[in-house]
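Trainee: Keeping their order, the protein sequence lines are chains A and B.
Those letters in the first sequence? Residues 1 to 390, by UniProt numbering.
Those letters in the second sequence? Residues 1 to 390, by UniProt numbering.
Treat the hints as calculated values from the structure; they're not laboratory data.
Predicted, not measured: the structure shown is a model, and the values here were computed from it.
Be aware that one or more of the hints could be misleading.
What the hints assert, rightly or not - Quick list of simulated restraints, FRET-style, between CB atoms: (1) Gln141(A) with Arg146(B): 34 to 44 Å; (2) Asn354(A) with Pro331(B): 47 to 57 Å; (3) Glu345(B) with Pro131(A): 26 to 36 Å; (4) Gly185(B) with Gln141(A): 10 to 20 Å.
Unchecked claim - Keeping only pairs whose Cα atoms sit at most 30 Å apart, straight-line, the calculated DSSO-like set for lysine-lysine is: (5) Lys325(B) with Lys315(A); (6) Lys267(A) with Lys325(B); (7) Lys274(A) with Lys315(A).
Claimed, not checked - Calculated Cβ distances over 12 Å to all of chain A for the following chain B residues: (8) Val4; (9) Val15; (10) Arg35; (11) Arg130; (12) Arg332.
For each residue, glycine too, the CB sits at the ideal point set by N, CA and C.
Number of protein chains: 2
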Amino acid sequence: MITVNEARSLLFDLVQPLPAEEVPLIEAAGRVLARDVTAQLDQPPFSASSMDGYAVKAAEVELHAMFKVIGEAAAGHGFDGRVGAGQAVRIFTGAPVPEGADFIVIQENVERRGDIITIVDQPGEKSNIRPAGVDFSKGTQVEAPRVLSAEDVALMAAMNIPTVPVSRKPQIALISTGDELVMPGEVPGPNQIIASNTFGLKALLEGLGAEVRVLPIARDTVSSLETAFGLAAGADLVVTIGGASVGDHDLVGAVAAGLGMERSFYKVLMQPGKPLMAGRMGDAAMVGLPGNPVSAMVCGYLFLTPLVRHMLGLKDTVPAFRRAKLVAPIPRNGMREHYMRAKLEDGGIRAFENQDSSLLSVLARADALLMRPPEDPAREAGEEVLYLPL
Amino acid sequence: MITVNEARSLLFDLVQPLPAEEVPLIEAAGRVLARDVTAQLDQPPFSASSMDGYAVKAAEVELHAMFKVIGEAAAGHGFDGRVGAGQAVRIFTGAPVPEGADFIVIQENVERRGDIITIVDQPGEKSNIRPAGVDFSKGTQVEAPRVLSAEDVALMAAMNIPTVPVSRKPQIALISTGDELVMPGEVPGPNQIIASNTFGLKALLEGLGAEVRVLPIARDTVSSLETAFGLAAGADLVVTIGGASVGDHDLVGAVAAGLGMERSFYKVLMQPGKPLMAGRMGDAAMVGLPGNPVSAMVCGYLFLTPLVRHMLGLKDTVPAFRRAKLVAPIPRNGMREHYMRAKLEDGGIRAFENQDSSLLSVLARADALLMRPPEDPAREAGEEVLYLPL
Numbered sequence: 001m002i003t004v005n006e007a008r009s010l011l012f013d014l015v016q017p018l019p020a021e022e023v024p025l026i027e028a029a030g031r032v033l034a035r036d037v038t039a040q041l042d043q044p045p046f047s048a049s050s051m052d053g054y055a056v057k058a059a060e061v062e063l064h065a066m067f068k069v070i071g072e073a074a075a076g077h078g079f080d081g082r083v084g085a086g087q088a089v090r091i092f093t094g095a096p097v098p099e100g101a102d103f104i105v106i107q108e109n110v111e112r113r114g115d116i117i118t119i120v121d122q123p124g125e126k127s128n129i130r131p132a133g134v135d136f137s138k139g140t141q142v143e144a145p146r147v148l149s150a151e152d153v154a155l156m157a158a159m160n161i162p163t164v165p166v167s168r169k170p171q172i173a174l175i176s177t178g179d180e181l182v183m184p185g186e187v188p189g190p191n192q193i194i195a196s197n198t199f200g201l202k203a204l205l206e207g208l209g210a211e212v213r214v215l216p217i218a219r220d221t222v223s224s225l226e227t228a229f230g231l232a233a234g235a236d237l238v239v240t241i242g243g244a245s246v247g248d249h250d251l252v253g254a255v256a257a258g259l260g261m262e263r264s265f266y267k268v269l270m271q272p273g274k275p276l277m278a279g280r281m282g283d284a285a286m287v288g289l290p291g292n293p294v295s296a297m298v299c300g301y302l303f304l305t306p307l308v309r310h311m312l313g314l315k316d317t318v319p320a321f322r323r324a325k326l327v328a329p330i331p332r333n334g335m336r337e338h339y340m341r342a343k344l345e346d347g348g349i350r351a352f353e354n355q356d357s358s359l360l361s362v363l364a365r366a367d368a369l370l371m372r373p374p375e376d377p378a379r380e381a382g383e384e385v386l387y388l389p390l
Numbered sequence: 001m002i003t004v005n006e007a008r009s010l011l012f013d014l015v016q017p018l019p020a021e022e023v024p025l026i027e028a029a030g031r032v033l034a035r036d037v038t039a040q041l042d043q044p045p046f047s048a049s050s051m052d053g054y055a056v057k058a059a060e061v062e063l064h065a066m067f068k069v070i071g072e073a074a075a076g077h078g079f080d081g082r083v084g085a086g087q088a089v090r091i092f093t094g095a096p097v098p099e100g101a102d103f104i105v106i107q108e109n110v111e112r113r114g115d116i117i118t119i120v121d122q123p124g125e126k127s128n129i130r131p132a133g134v135d136f137s138k139g140t141q142v143e144a145p146r147v148l149s150a151e152d153v154a155l156m157a158a159m160n161i162p163t164v165p166v167s168r169k170p171q172i173a174l175i176s177t178g179d180e181l182v183m184p185g186e187v188p189g190p191n192q193i194i195a196s197n198t199f200g201l202k203a204l205l206e207g208l209g210a211e212v213r214v215l216p217i218a219r220d221t222v223s224s225l226e227t228a229f230g231l232a233a234g235a236d237l238v239v240t241i242g243g244a245s246v247g248d249h250d251l252v253g254a255v256a257a258g259l260g261m262e263r264s265f266y267k268v269l270m271q272p273g274k275p276l277m278a279g280r281m282g283d284a285a286m287v288g289l290p291g292n293p294v295s296a297m298v299c300g301y302l303f304l305t306p307l308v309r310h311m312l313g314l315k316d317t318v319p320a321f322r323r324a325k326l327v328a329p330i331p332r333n334g335m336r337e338h339y340m341r342a343k344l345e346d347g348g349i350r351a352f353e354n355q356d357s358s359l360l361s362v363l364a365r366a367d368a369l370l371m372r373p374p375e376d377p378a379r380e381a382g383e384e385v386l387y388l389p390l
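With the rest of the complex left out, here is chain A (with noise of 0.2 Å):
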């Protein structure tokens, strides 16, 4: 058996970053910048006033000082004149500084009778102008790759960047297999449960930028399952869930390989999922997920999501694991590294008691998964351990 590690680097050998394409700025947010993209103006494009008040010259400021008031400069509107010895031009915040002036006095600092301004109060040293290109200039770049955040649409609207090449959504396909299962909203049979596997995944998938299909249950049987892999056609990335076991039922392999899947690993040496199987199928990557819902969704944060990030083309995939205090003991770990559902309490982390990996009210509780290495001896409160946070 292989570890999670190793595990997570063979699949990142059965996909590749997918193509990008462009899509508008304002529906940006959240996918991931395929290429740099460059400002293409400087910011603010001229000197701007960022107060309200008069454009002056600096050499000139001082208590009691006067000035004759020759214009006007608003946002939008810039004056077009020069200001001289002695003048001043009323401004508003975001306007262009006229030229001549190097200083605004904001308004608060200054008395108006007519066209005269009186300088009342010490306007100290700040000139309250933003030079042109303080920002950014034209050129700039915005790095890729990087999931934009708001900021990030922010500023490249700034920079007059309409649509912007991004990476194109992973398209998943998840079947669920089994002839125990029912959609919700079923009946179920007195031998039968609920499909859950696909409702959880689907929201973490698309979570992360990916765009998911639910396809019908496959039941125990190669045609159902044969069924299932051909309406995922077209797919990056086909993942079933369940019949990966050694179970005399459990069939995902076999159909798999008789559709051509070409085995990449099968089992990982962990807790929960050790049955865990991946390889490529024609066009697509398959991942076979164990069916206790516990298990598939812990694969689906360990492996799913760097997959899935690592197809967007980001380079920072592999889980970044934090440190906390425990809050109370763990007993020994055996062979297989071991993912504890948990939770961050008081500054620490507590694993629950009951680890089974069919509770999906532990898991919906939890909000972070325990690391326990292979052969990890007891652990006392207050020791620190690792773990990924959910």
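Guided by the hints, dock chain B onto chain A, whose structure is given.
Mentor: Positioned in the frame of chain A, the structure of chain B alone reads:
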């Protein structure tokens, strides 16, 4: 002038939690659960095997014990009979445990010849049975309000909840104002800049679960602003950006008042963002943000984010500050609460050198707003400060 906290309280008085609507579970992630929902069944609905193996009577389990296999139980297909003394039923993960059996010997601990199995490895104490209802019982509630996570959605699927009551999305109209503005993609005139605030705010607010309309830019005239307010009809919240300062060209307050806006407050003791305005305008709340790009986004985090969360019916709407140690000194603060753009680094926080409220490039590099109380003295590296993560 009022404080940031006072302004926020007054804002909450301007809106009411929005009504609930039912959405399909598959679309519920990220929405706010409006009412408690209830599990429609026990999970698992029956005692289920957690392993592939053989169902037997626990009392008969010991090394070298032999059993006769009388049938099979698979996921979705139970065994209808009863397990008697000396009998076993072949069982797979997720299958109902047959009557009479209370222990699953995993297949790795068994040798099988024809219909006879022999226990060849010590099976241990664990029964490998998940009792009915161990995850949740019929009637277990998922409590509102909460932002639904991927795990919540998976849990509600397992609970057989096909549609979910969520708070209707707040409808927000954004109006940029100013003669100096043109849209990205246009060629700015000599005194003009590109409108960026609506782009950043739309991304921020949609990320919170709002539906945002960006209206045409309003010019600095009464009729243009009246047209824009007219286009905002139907919104729960109308947000203007710019034109809210004291300059002669700042018309927003006057035009809004002319249209019947009842002002709640104007000006907040903060930096950036002082000329904030809010009130009721017909059926909508109205917030007037300052026009500097950084001021507008900071007000987006400090005021619009809590307001949207309040409209969505969430309880914890006041931003939660965190603590970090300064990695570089900061000068004394003035009389207004100051939200400095800052970067988290090396376990500490560093305020950017240039805090001018026009600098989008600085905001885009920031990942925190460092909060300075009024009259906060100069602080040295190593001192603890409060911040909001962005």
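Trainee: Look at each hint and say if it fits the structure.
Mentor: Hint check results:
1. Gln141(A) with Arg146(B): 34 to 44 Å: 40 Å, holds
2. Asn354(A) with Pro331(B): 47 to 57 Å: Distance hint for asparagine 354(A), proline 331(B) holds at roughly 53 Å.
3. Glu345(B) with Pro131(A): 26 to 36 Å: Given range 26 to 36 Å: holds, Cβ gap about 28 Å.
4. Gly185(B) with Gln141(A): 10 to 20 Å: Check passed, 19 Å falls within 10 to 20 Å.
5. Lys325(B) with Lys315(A): Cα-Cα ~29 Å, so holds.
6. Lys267(A) with Lys325(B): 44 Å, violated
7. Lys274(A) with Lys315(A): 26 Å, holds
8. Val4: At roughly 20 Å from the nearest Cβ of chain A, valine 4(B) sits farther out than 12 Å, so the non-interface label holds.
9. Val15: Given a closest Cβ separation of 21 Å, the condition holds.
10. Arg35: Arginine 35(B) clear of chain A: closest Cβ-Cβ about 17 Å, beyond 12 Å.
11. Arg130: 6 Å, violated
12. Arg332: It holds; arginine 332(B) is separated from chain A by about 16 Å at its closest Cβ, greater than 12 Å.
Comparing the model with each earlier hint shows violations of hints 6 and 11; every other hint is respected.
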